[in-house]
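Participant: Given next are the chains, with one letter for each unit.
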Amino acid sequence: MTTILEVNGLEKRFGGVVAAQNIGVTVSAGETIGIIGANGAGKTTFVNMVTGHLPPSAGTVKFLGTNIVGLPPRRITELGLCRSFQVPQVFLSESVFDNVLMAYGIAEESGFSMLRPLRNKERDARVRKHLASYQIAEHEETAASALSQGIRKLLDIAMATVRKPQLLMLDEPTSGISVEEKFDLMDIIMAALREEQTTVMFIEHDMEIVQRHVARVLAFSQGEIICDAPTAKAMVDPKVVEFVLGQEYHVGIRSDA
Amino acid sequence: MSADKTIIGVTIAVVLLACANFFIADWIRQIGLLSMAIGSVALGLLVLWRTGLISFGHALFYGFSAYGVALLNYLGVRDAFVLVIVSAAASGLLAWGLGFLVRRYRAIFFALLTMAFSMILYGVLAKTERFGSTDGLNVHPPTFLGYAPVDQAAQITLFLFGLLVIYGLILGVQIYLRSVLGQMTTAVRENEIRVEYLGYSVEHVIHIKYVISGLLAGFGGAIMALAVGQVDPESMAYWTASGEFVFVAILAGTGNVAAPFIGAVAFEVIRHFAWEHGANLWQLIMGGTLLAIIMFVPDGIWSVLQRLVGKKDGVK
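Quick note, the sequences are listed as chains C and Z, same order.
In this text, residue positions in the first sequence follow the working numbering: the first is 1, and each later residue adds one.
In this text, residue positions in the second sequence follow the working numbering: the first is 1, and each later residue adds one.
Calculated directly from the structure, the hints in this document are not laboratory data.
Fair warning: this is a prediction, and the values are worked out from it, not measured in the lab.
Cβ coordinates follow ideal geometry from the N, Cα and C atoms, glycine included.
A portion of the hints provided could be inaccurate.
Unchecked claim - If you only want the chain Z side, here are some residues facing chain C, beta carbon under 7 Å, derived: (1) 130; (2) 193; (3) 196.
Unchecked claim - Pair by pair, the computed Cβ-Cβ distance ranges are: (4) Z:85 <-> C:1: 55 to 63 Å; (5) Z:106 <-> C:138: 54 to 62 Å; (6) C:113 <-> Z:25: 42 to 50 Å; (7) C:13 <-> Z:100: 44 to 52 Å; (8) Z:107 <-> C:66: 46 to 54 Å; (9) Z:280 <-> C:176: 41 to 49 Å; (10) Z:100 <-> C:15: 30 to 38 Å.
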């Protein structure tokens, strides 16, 4: 398996506060990785540093062999590292279709070809197919502002994947979604990503979802990775139990088994 | 497709105007020429406005280009094509240079930054004797590819020339507005972060819009210089001129590339008749009109036309 992401000694300080330190992780193509940890553990800081949203104080991030620290988000996106956001970042007054259409336009044209018409039949067809694979085709005409939180999350992720990224990072795809909805939501997302064989890392608080969808877990606590292991092993790791899951959860797993 | 309707409509209008040009009274033709000039600048504002950006200083590019025509005259250049294209290009170049700074700002700072530069230009023009100080400079009647008409023929030819230029500008802007780059309007206005994470630079998008906008204002200024036969800092580069452009843009609405020219005609007609009835009446009418537009038809004259034709979504 080829290595696509290599993070070494990544660190973020806000004045005297250390938000992240000693972060090192290697990701191979085809992996699905869950990022867990309590609030304030440094999960989002990690994703923000890797995707160019936040400049790290130290460390390196190599993506497909290129050091991407200091590159603007658009360059990182172009290289094939895309992301979604905890709060969906979409164009609220535009329809679902137009949101994804713009994503395609930007992904498919560059330089002077940006002057080609945004709409054409072939591109419209690709947009519809993409909407279908995220099961939001029925909302095509709806303005993004009128969508439920779950559908808006799907739209955000659909927009992040039009480039068929080599690595996709999702910041809490199920936050703010009702318990009934979030399992379906994750199934839709993971099915669409499997289809494209996208390597994915996502932040998640629900351990059922983590166990259902990921093979490997990165556990964060106080700005550091305290455990990087296959999911089953991580769930019983003493440090993970103490700092992330809590003793009760540990007992819960045992009684299930 | 709806966009083609715009091009067909504009083509028909241009042909009709070109024919009418030979029969209409001189004062109407003059209003037409002034409207072309003002409308070009308003079209430039439309390009920015669709992205939620407004400029209170477009007299900068307008005046810069108008003086460009006058100064090229002094160098012996008389051909209308050369005068207009070179002067407008100079304005576009100026916008490109300033764009590196302006593109970093939004909202009120974006709006006023260009105005700051226009005040500097005004100061330079008004203080420099070589540029005629506050009196300005004269502009000679132009020639057209070697053809040098006089009297009425000169005005008729200039009107045709203006139509040709405007037609080119409208087609160009229409193609741009339908493109991926031109469609980045709501996207940039509503979510810059998403645009960046889709893989494009928001500052780049805004910079290009700014250059196009400056270029269009440049064409407007050059046409105005030829139409009135003189340039002066008060009417070409002072901030009240910028205010008039914003007024026309609001009057017109952003619904269509033809709207700014319709708005400009309305503006010039109102101004023409207001002046006939007393000097101070003009401001009164202008203020009243602006008030009425903002309160009753915030989407401008174009939205009224749309409603009259009965198309709710209309041509985009």
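Participant: Now look at each hint and say whether the structure bears it out.
Facilitator: Verification of the hints:
The interface hint given for residue 130 (chain Z) is violated, since its Cβ lies 40 Å from the closest Cβ of chain C, which is over the 7 Å cut-off. Here the hint on residue 193 (chain Z) is kept, as its CB sits about 5 Å from the closest CB of chain C, short of 7 Å. Taking 7 Å as the C-beta cut-off, the interface hint given for residue 196 (chain Z) holds, the closest approach to chain C being about 4 Å. The hint said 55 to 63 Å for the Cβ distance between residue 85 (chain Z) and residue 1 (chain C), and at roughly 59 Å that hint holds.
Hint check: residue 106 (chain Z) to residue 138 (chain C), Cβ distance near 35 Å, so the stated range 54 to 62 Å is violated. With their beta carbons about 48 Å apart, residue 113 (chain C) and residue 25 (chain Z) fall inside the hinted range of 42 to 50 Å. A C-beta distance of roughly 32 Å is found between residue 13 (chain C) and residue 100 (chain Z), which places it outside the suggested range of 44 to 52 Å. In this structure the hint that residue 107 (chain Z) and residue 66 (chain C) lie 46 to 54 Å apart at CB is violated, the actual value being about 36 Å.
At about 59 Å, the beta-carbon gap between residue 280 (chain Z) and residue 176 (chain C) misses the expected band of 41 to 49 Å. For the pair residue 100 (chain Z) and residue 15 (chain C), the supplied restraint of 30 to 38 Å holds, since their beta-carbon distance comes to about 32 Å.
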